[in-house]
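J.: The opening position of the sequence shown corresponds to residue 72 in the numbering used here, with each subsequent residue numbered one higher.
These are computed hints drawn from the structure, not numbers from a lab.
As the structure is a computational prediction, the values presented were derived from the model and not from experiment.
Check the hints yourself; a few may be wrong.
Stated by the list, open to error - Once the Cα atoms are required to be at most 30 Å apart in a straight line, the calculated DSS-like pairs of lysine-lysine come out as:
no.	residue 1	residue 2
1	Lys148	Lys218
2	Lys190	Lys219
3	Lys153	Lys218
4	Lys148	Lys190
5	Lys128	Lys218
6	Lys153	Lys190
7	Lys219	Lys153
8	Lys148	Lys219
9	Lys128	Lys190
10	Lys190	Lys218
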Amino acid sequence: TTGQEDYRIARGGSLAFSASYPCLPNTLVKGFQRTFSTPNGTRFIALDTRTFRDSSKGTMLGPEQLQWLLDQLTLAKVENAKHVFVVTTVSFVSALEKIRDSWPGFERERQHIIDHIAKLDLSNVAIMSGDLHEFYASGVHLDPGNKKTPIIAREFGTGALSSHTGRVEEYNDVVEALGN
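Please take these sequences and the hints and turn them into a complete structure.
T.: See the structure below:
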């Protein structure tokens with residue numbers, strides 16, 4: 072498809088979604104990212120990995136949402152959040168690093184997020200993802216390509232209830248991370 076066709080399709084989808092929600096009548100949705108905290112100090116940060124994705128610019132989130140995410144992580148640190156869950160529709164790190172339709176296809180942006188979590192010294196971050204049609208648990212390493220680097224977060228990926236489990240080495244990463 073051409074860029075013009077992509078825009079037309081995205082705009083049509085946005086209008087259809089908006090029409091389904093009475094709180095957003097006849098408006099274009101400007102993204103679905105959201106955050107909320109529970110009374111016990113758990114912060115959820117839900118990302119929109121579709122609306123602003125642009126492979127030609129190497130961005131999954133777009134610059135505004137990326138900055139928003141970094142600000143939310145900083146706020147979680149400042150507010151001393153007990154747990155931080157980042158929710159993303161596609162895998163953040165997985166053994167299937169060749170998948171270009173997920174975070175491994177946007178390495179620079181992903182590394183920027185990883186570096187920010189490490190800089191903040193947030194030790195309570197869990198990333199919840201989907202889209203791989205399997206369950207897996209994995210440590211998010213400071214350098215995703217080097218399992219000898221420190222684990223700075225954990226990822227839990229889900230698929231359908233009938234999906235098979237991930238690889239044993241990914242579970243070992245999480246067991247190791249949870250022991251720290």
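J.: Does Lys218 sit within 30 Å of Lys153, going by the straight-line distance between their CA atoms?
T.: Holds, because 26 Å separates the two Cα atoms, which is no more than 30 Å.
J.: Compare the distance between the alpha carbons of Lys148 and Lys218 with 30 Å, and conclude whether the hinted pair is satisfied.
T.: 26 Å, holds
J.: Quickly compare the C-alpha distance for Lys153 and Lys190 to 30 Å and report which way the hint goes.
T.: 18 Å, holds
J.: Taking 30 Å as the top limit, are the C-alpha atoms of Lys148 and Lys219 close enough?
T.: Holds, at about 26 Å.
J.: Going straight from one Cα to the other, do Lys128 and Lys218 come out at no more than 30 Å?
T.: Within the cut-off at roughly 28 Å; holds.
J.: Starting from Lys148, check that the Cα of Lys190 is at most 30 Å away, please.
T.: 11 Å, holds
J.: Lys128 and Lys190: Cα distance at most 30 Å?
T.: 25 Å, holds
J.: Lys190 and Lys219 were given as a pair; does the straight-line alpha-carbon distance stay at or below 30 Å?
T.: Status holds; Cα separation ~18 Å.
J.: Given the hinted pair Lys219 and Lys153, is their Cα-Cα distance within 30 Å?
T.: 27 Å, holds
J.: Are Lys190 and Lys218 close enough, with their CA atoms no more than 30 Å apart?
T.: 19 Å, holds
Hint compliance for this structure: no hint is broken.
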